[in-house]
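Build the full structure now, drawing on both the sequences and the hints.
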Amino acid sequence: MHKAMTFLALMSCSTMAIAQDGYSKLAGDMTITSKDYSDPPAGQTKDRVGFVLVGSSAKRMYDAMRVKPETKKVCEEGMRTKTAGPLDCTRSRDGSYTCMFAIMLTNGQSKPFGMC
Amino acid sequence: MGDMGRPQDFRAPYPGLLEKWMPDPDAVPAVTPPSSVSPEAAAGIPLTNDQCGFVQLPQNPSGGGYYTYGTPAHGAGQYGLPDTIGLIGRVAAQRTTQPFGVGNISLAQGGRFKPHKTHRDGAGVDIRPMRSDGAQAPSDWRTPGYDRAATQRLIDAFRATGMVRDIWFNDPAVKGVRPLKGHDNHFHVDVRSPCIKR
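Listed in order, the protein sequences are those of chains A and B.
For the first sequence, counting from 1, position 45 maps to 44 in numbering that gives the first Met the number 0; every step adds exactly one.
For the second sequence, counting from 1, position 45 maps to 44 in numbering that gives the first Met the number 0; every step adds exactly one.
Source of the hints: derived by calculation from the structure; they are not laboratory data.
All figures in this text were calculated on a predicted structure; none of them were measured in a lab.
There may be inaccurate statements among the hints.
For lysine-lysine, the following DSS-like pairs were computed, each having C-alpha atoms within a straight-line distance of at most 27 Å [claimed, not checked]:
hint, chain 1, residue 1, chain 2, residue 2
1, A, K34, A, K45
2, A, K45, A, K71
3, A, K58, B, K113
4, B, K180, A, K58
5, B, K180, A, K110
6, B, K196, A, K34
7, B, K113, A, K34
8, B, K113, A, K72
9, B, K196, A, K58
Pairwise CB distance ranges, derived in the manner of DEER restraints [unchecked claim]:
hint, chain 1, residue 1, chain 2, residue 2, range
10, B, P178, A, D35, 10 to 20 Å
11, A, I17, B, S131, 50 to 60 Å
12, A, K110, B, A136, 16 to 26 Å
13, B, A75, A, A63, 29 to 39 Å
14, B, R141, A, M29, 50 to 60 Å
15, A, R65, B, R147, 32 to 42 Å
16, B, R141, A, P68, 22 to 32 Å
17, A, E69, B, A156, 29 to 39 Å
18, B, A172, A, G21, 43 to 53 Å
Backbone N, C-alpha and C define an ideal beta-carbon position, used for all residues, glycine too.
Right, dumping it as structure tokens:
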């Protein structure tokens, strides 16, 4: 019962967060980074912005992606990942959502971002 | 995650045990690696939160067999389960050649570690592939300077502990690993621990 109430409350909050015009607040972080962001060689140019979206905004994106989630080649058991080009959205084992991507600061092209 | 992410003294979960391989600049480097799990776990005694709490990897120990790298600085992303830290120490204690590079593990309190999808539970650790020039610098299996044979020996050493659930790395010529997107300039070791229920 308690779990059901919590779920309904969360759903209610989630719904309330989306305005009538379809927009909702973003939650997440960004960083100016480079190609090998996890372990860059010395001097590598920071030429892109990496985005990490979380929470209801990431869930909205995940749910809206019309691709089948990958469940086998994922970072951990129970994880589901949807990929569309460089856009990567994940539902973790604990039920949290994350979307990651990068945008080149030189030409606006999108690039993959994020890692296991 | 609960309160399992509380940082602790490195030796606390294994009193008297980790000191056997803890790098000590004044000590003769004859060490005995710890067992793969704590004595309590081996005896079937349930682990307490303290035994599953995070401990920080000793930073760049002198003669420790490994070096540290990565962000955030000062090892802020190098907290792990005692089993994870013990595994690194155990492999490091066996090293007779160049040290290996240890990168991200988890944050002190666990939880989301950007830009990782995992690394939340202290049971995953990123390791640099070995370099032929011995430099403590980034390495990628697709670029010159990568030392495949040394990397294979390092992976074999991790596997030989019996404490490894999985290793992800994309060099198709290396055995004992599975490919997964993004694992070119590091391999990810997923550590087996009684603290993690999967």
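To see whether the hints hold, each was checked on the structure:
At most 27 Å may separate the alpha-carbon atoms for a hinted pair to count; K34 (chain A) and K45 (chain A) meet this at roughly 8 Å. Annotation: proposed proximity of K45 (chain A) to K71 (chain A) is violated, straight-line Cα distance about 33 Å (limit 27 Å). Note on K58 (chain A) and K113 (chain B): the hinted pairing holds, with a Cα-Cα distance of about 17 Å set against a maximum of 27 Å. In summary, the hint linking K180 (chain B) to K58 (chain A) is supported, as the alpha carbons are separated by about 22 Å, within the 27 Å threshold.
A hinted pair counts as satisfied when its Cα atoms are at most 27 Å apart, and K180 (chain B) with K110 (chain A) qualifies at roughly 14 Å. Taken as a hint, the K196 (chain B) and K34 (chain A) pair is broken in the structure, with Cα atoms around 35 Å apart against an allowance of 27 Å. The straight-line distance between the Cα atoms of K113 (chain B) and K34 (chain A) is roughly 16 Å, inside the 27 Å bound, and the hint therefore holds. For the hint linking K113 (chain B) to K72 (chain A), the alpha-carbon distance of about 20 Å falls within 27 Å, and the restraint holds.
With a CA separation close to 26 Å, the supplied pair K196 (chain B) and K58 (chain A) stays within the 27 Å bound. Range check, P178 (chain B) to D35 (chain A): Cβ separation about 18 Å, and the 10 to 20 Å hint holds. At about 54 Å, the CB distance of I17 (chain A) to S131 (chain B) agrees with the hint of 50 to 60 Å. Separation of K110 (chain A) from A136 (chain B) is about 24 Å and conforms to the stated range, judged on CB atoms against 16 to 26 Å.
Under the hint 29 to 39 Å, the C-beta atoms of A75 (chain B) and A63 (chain A), about 35 Å apart, fit the expected range. A beta carbon spacing of about 28 Å between R141 (chain B) and M29 (chain A) contradicts the range 50 to 60 Å that was offered as a hint. R65 (chain A) and R147 (chain B) have their C-beta atoms about 41 Å apart, which keeps the hinted 32 to 42 Å range intact. Distance hint check for R141 (chain B) and P68 (chain A): the Cβ-Cβ separation is about 29 Å, which falls inside the suggested range of 22 to 32 Å.
Between E69 (chain A) and A156 (chain B), the C-beta spacing of about 31 Å keeps the proposed range 29 to 39 Å intact. Checking the proposed 43 to 53 Å range against A172 (chain B) and G21 (chain A) shows it holds: the Cβ atoms sit about 50 Å from each other.
The structure does not agree with the numbered hints 2, 6, 14 stated previously, though it agrees with the rest.
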